[in-house]
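K.L.:
Given the structure of chain A, go ahead and fit chain B onto it with the hints provided.
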Amino acid sequence: MRLGLVIDLDVCVGCHACAVSCKQWNASGTTGPLSDYEPYGAEPSGVWFNRIRHYEVGTYPNNKTINFPMSCMHCEDADCVTVCPTGASYKRAEDGIVLVDQDKCMGCNYCSWACPYGARELDRESGTMKKCTLCVDRIYDQAIPEAERQPSCVLTCPAHARMFGDFDDPNSEVSKVVREREGYVLMPELGYNPTNHYLPPRKHKPIPTDIGGDKAGLAGKLKQFVNRMVKR
Amino acid sequence: MHPAFSVIFFTVLSGAGLGLFALIYLADLFKLGGGLPGAYVFWTGVLAIAMVGVGLLSSTFHLANPRNAWRAFSRWRTSWLSREGVLSVAFYPFALAYLGLYWLDMWPVVRHFSGAVATLLAWLTIFSTAMIYASLKTIRHWNTPLVPAAYLSLGHFSGGMILLAAAMLAGVQALPFVMLSLFQLFVAAFVKAIYYYWIDRMGVGSTINTATGFTRAQVKLLDAGHTHGTFLTQEFGYIVPRLTATALRLISMFLAFAVPLVLLYFALEYHAPVLGIVALVSVFAGLVAERWLFFAEARHVVNLYHGAQRC
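As you go down the protein sequences, you meet chains A and B in turn. If you're matching positions, the first sequence starts at 1 in our numbering and goes up one per residue. If you're matching positions, the second sequence starts at 1001 in our numbering and goes up one per residue.
Just chain B, same shape as in the assembly:
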């Protein structure tokens, strides 16, 4: 698949924003590390919903006809893309109510209710984003429960790193936040490691034989019927070189998980919030590489009509 930058940017940013919001609510609810100061809860909350907003806005940049984008809220009964739109918009009033009531410091029951509903909607939104990909039978690299598992765990891990940096800057007890981040780091790293292992060993799915119906002979494409590329070859024809893919897998795992693991240790040891921020930058660099690979490594079955032997 062609890795479109706007979609990479959107999924990484809004996933982290939604994960961050859910963690802010839970951290505040459980008074993690003695409880974050109010201003930190508020401003990280604002950052979270800004990230979601910027992400959603950037996702409209890949639309060829954004004039009709409002219609995307209509088919939530069947389409995961529509569900994502509906849920992410429903998330906003509850998230804003939570932060607003936090700022005004009033109506704690309503505040908690709004926070809980917004958290639930944040989870459902990340799940919907992942299901956009996981529901496609045409792309076996995506058609697996590991995809929503990865989106949820990576969104919470990257959002949790922002919360950790905020906790360190606020000077509250950092250990619970570090433990939370460590736990999420391992879950996300394991899910991605299993995903890479899995897609390398999927076995045979659709082949050029099932695509043409000639299942008892060797089939070879002689001519695709066009002299230059088409929409199909541009959208689905991208092939990432094997060596590049392997190198990027290692780089993304290193930047997203190994570097922050080491930095978390030193940040805790030497009480250095700056290391938390460096870890945060490393995580996001790793996630951009991870998301680029997520698209680049996926193989659409239509390639069987453009020369691929199996998908």
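For reference, chain A alone in the conformation it holds in the complex:
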């Protein structure tokens, strides 16, 4: 098995709900707590497994805002694991999940140096490295309904932009959607072979923005005139 996530950049609305629910679940999970520093102070900071960036792609008028959630990619060739001197970082043979054994980590930060995706964050309180567990303490839990045995971020996403599944199974939802929508991985040139895939935004016709240009008729000219007169 090779478990991982697919993130649909076409529908992600950038609400950060996945990051919040991740924090909520994992703060009391196997690698919890996820320490916050000055949460109500002037410079709030803390440990998060999932972070959402916002990018502008293209130039006006053919530009688009892309919301970009990122967590551990659970790479096939995970350098964070090979550089770890203590053996705290490991990749599970059975499902490919990369984890940090909190009892072995000495907090040297070396794995975070080896990770190109910024997936690992040091918890200053515990002095250990923490990272996305793919909710390993949830996806195998027999006590919760089968439909809910998914990572917290996937369950919570209101736009259904996140999918979870086995990439080794060619008929799984994630494998199919990656095939159909030309899913891709980040920074393939570094050769980490990330498991998580991203689906590019679908191509839309650009919305015309030059209404009321030279070719505008009487109605268009009137609209222009009103727009000039009415102050917002």
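Think of the hints as simulated: they come from the structure by calculation, not from any bench. The model shown is predicted, which means the values in this text are computed figures rather than measured ones. Just to be clear, a hint being listed does not mean it is correct.
Stated by the list, open to error - Going by beta-carbon spacing under 8 Å, a handful of chain A positions derived as facing chain B:
#, residue
1, Ser45
2, Tyr60
3, Asp79
4, Cys84
5, Gly87
6, Met106
7, Gly107
8, Leu122
9, Gly127
10, Val136
11, Tyr140
12, Ala143
13, Leu186
14, Tyr198
15, Arg202
Unchecked claim - Beta-carbon label-pair distances, calculated as ranges:
#, chain 1, residue 1, chain 2, residue 2, range
16, B, Leu1250, A, His160, 51 to 61 Å
17, A, Pro208, B, Thr1078, 53 to 63 Å
18, A, Asp77, B, Thr1215, 18 to 28 Å
19, A, Asp103, B, Ala1090, 22 to 32 Å
20, A, Ala42, B, Thr1244, 40 to 50 Å
As the list claims (entries may be wrong) - Residues of chain A clear of chain B, computed beta-carbon distances all greater than 12 Å:
#, residue
21, Ala93
22, Glu125
23, Pro145
24, Leu155
25, Ser175
26, Lys221
27, Lys223
In this text, a Cβ means the ideal position worked out from N, Cα and C, and glycines have one as well.
P.N.:
The following block gives chain B in isolation, referenced to the frame of chain A:
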């Protein structure tokens, strides 16, 4: 990269200590300058292993959870950090045996064997320290054979300057030691000069386009998603101003190589060991600046997710 003082201190000090030990063994083996007096070999040897020890100890100060530091000896099959730990600890019994037998003046065969093994381990330890950085694909400024070349040559150059000062104080024939130091000075200076030239002209590696997958359009970060810094921005976000970097390069090259070059001439000309010691201080000041820059100038690809266009 954030330049952590404990790591700068550790790499400069233990590199010089290991280089010094290797040179002491070789100088004694080849009876350089007629051979250093026994007490000088012994006490510079003690200084060398003390420097390595203090350096290693200071390297544990940057650990957030040093309680588990002993586990770092376990993953030597894959991790250069673990290899460095194993090799540096393996260095100790052989180095101590060499110095102990030197003090007791017995078992010359065992002594030489211990010295040779310790020297080999010293070389491998410096190489491992450098490979910790050079093995990272995420930082192109480090991912080059010039990094182990620089660590090895700078460790031997700075250690050799200590040996030279000791030789001058001992009053043995200084010329062979000066020649050795001169040779190491040029090798180290050339390697660093090539390194600076190289990292200024690396071309394009990973960009914001490959990091996001949008390779056919201009990409710009609008919002990093957090109001204040994170572990990632603190650890990797440091950017040294270009002018500061250029000035520090010149200062470090001047202090580490130009000043000792001139001082070596006068020290030899006027038989003034004090100039050798001044040169030594200058070298270490230059190396601290060099090592600070080594970290500060390195750019991690994760910066592409915090606004950088290329790394």
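K.L.:
Each hint should be assessed against the structure and marked as holding or not.
P.N.:
A quick look at each hint next to the structure:
1. Below 8 Å, beta-carbon pairs count as interface contacts, and serine 45(A) has one with chain B at about 5 Å; its hint therefore holds.
2. Annotation: interface hint on tyrosine 60(A) violated; nearest CB of chain B at approximately 10 Å, more than 8 Å.
3. For aspartate 79(A), the shortest C-beta to C-beta distance to chain B is roughly 7 Å, which falls under 8 Å, so the interface hint holds.
4. Interface restraint check for cysteine 84(A): the shortest CB-CB distance to chain B comes to about 6 Å, inside 8 Å, so the restraint holds.
5. Interface restraint check: glycine 87(A) against chain B, minimum CB-CB distance 5 Å, threshold 8 Å, status holds.
6. Evaluation of the methionine 106(A) hint against chain B yields a held restraint, the C-beta minimum of about 4 Å falling below 8 Å.
7. With a least beta-carbon distance of about 3 Å to chain B, the hint placing glycine 107(A) at the interface is held under the 8 Å criterion.
8. Hint on leucine 122(A) holds. Least Cβ distance to chain B is approximately 5 Å, under the 8 Å limit.
9. Satisfaction of the interface hint for glycine 127(A) is found here, the shortest Cβ-Cβ separation to chain B being roughly 3 Å, below the 8 Å cut-off.
10. The interface hint given for valine 136(A) is violated, since its Cβ lies 21 Å from the closest Cβ of chain B, which is over the 8 Å cut-off.
11. With its C-beta approaching chain B no nearer than about 27 Å, tyrosine 140(A) sits outside the 8 Å limit, and its interface hint is violated.
12. Using the Cβ-Cβ criterion of 8 Å, the hint placing alanine 143(A) at the interface with chain B is not satisfied: the shortest such distance is roughly 32 Å.
13. Using the Cβ-Cβ criterion of 8 Å, the hint placing leucine 186(A) at the interface with chain B is satisfied: the shortest such distance is roughly 6 Å.
14. The interface hint given for tyrosine 198(A) is met, as the beta carbon of that residue sits about 6 Å from the closest beta carbon of chain B, less than 8 Å.
15. Interface hint at arginine 202(A): violated, since its Cβ lies 14 Å from the closest Cβ of chain B, which is beyond the 8 Å cut-off.
16. At roughly 57 Å, the beta-carbon separation of leucine 1250(B) and histidine 160(A) lies within the given 51 to 61 Å, and the hint holds.
17. Distance hint check for proline 208(A) and threonine 1078(B): the Cβ-Cβ separation is about 57 Å, which falls inside the suggested range of 53 to 63 Å.
18. Taking 18 to 28 Å as the suggested C-beta distance range, the pair aspartate 77(A) and threonine 1215(B) conforms, at roughly 22 Å.
19. For aspartate 103(A) and alanine 1090(B), the Cβ-Cβ distance of about 27 Å falls inside the hinted range of 22 to 32 Å, so the restraint holds.
20. About 28 Å separates the C-beta atoms of alanine 42(A) and threonine 1244(B), a value inconsistent with the hinted range of 40 to 50 Å.
21. The beta carbon of alanine 93(A) sits about 15 Å from the closest Cβ of chain B, which is more than 12 Å, so the claim that it is off the interface holds.
22. Residue-level check failed: glutamate 125(A) sits 9 Å from the nearest beta carbon of chain B, not beyond 12 Å.
23. Look at proline 145(A): its CB is around 31 Å from the nearest CB on chain B, clear of 12 Å, so calling it non-interface holds up.
24. For leucine 155(A), the non-interface assignment is confirmed: its Cβ lies about 21 Å from the closest Cβ of chain B, beyond the 12 Å cut-off.
25. Interface exclusion of serine 175(A) from chain B stands, the closest Cβ pair being 18 Å apart, more than 12 Å.
26. The beta carbon of lysine 221(A) sits about 35 Å from the closest Cβ of chain B, which is more than 12 Å, so the claim that it is off the interface holds.
27. Residue-level check passed: lysine 223(A) sits 31 Å from the nearest beta carbon of chain B, beyond 12 Å.
Of the numbered hints listed earlier, those contradicted by the structure are 2, 10, 11, 12, 15, 20, 22.
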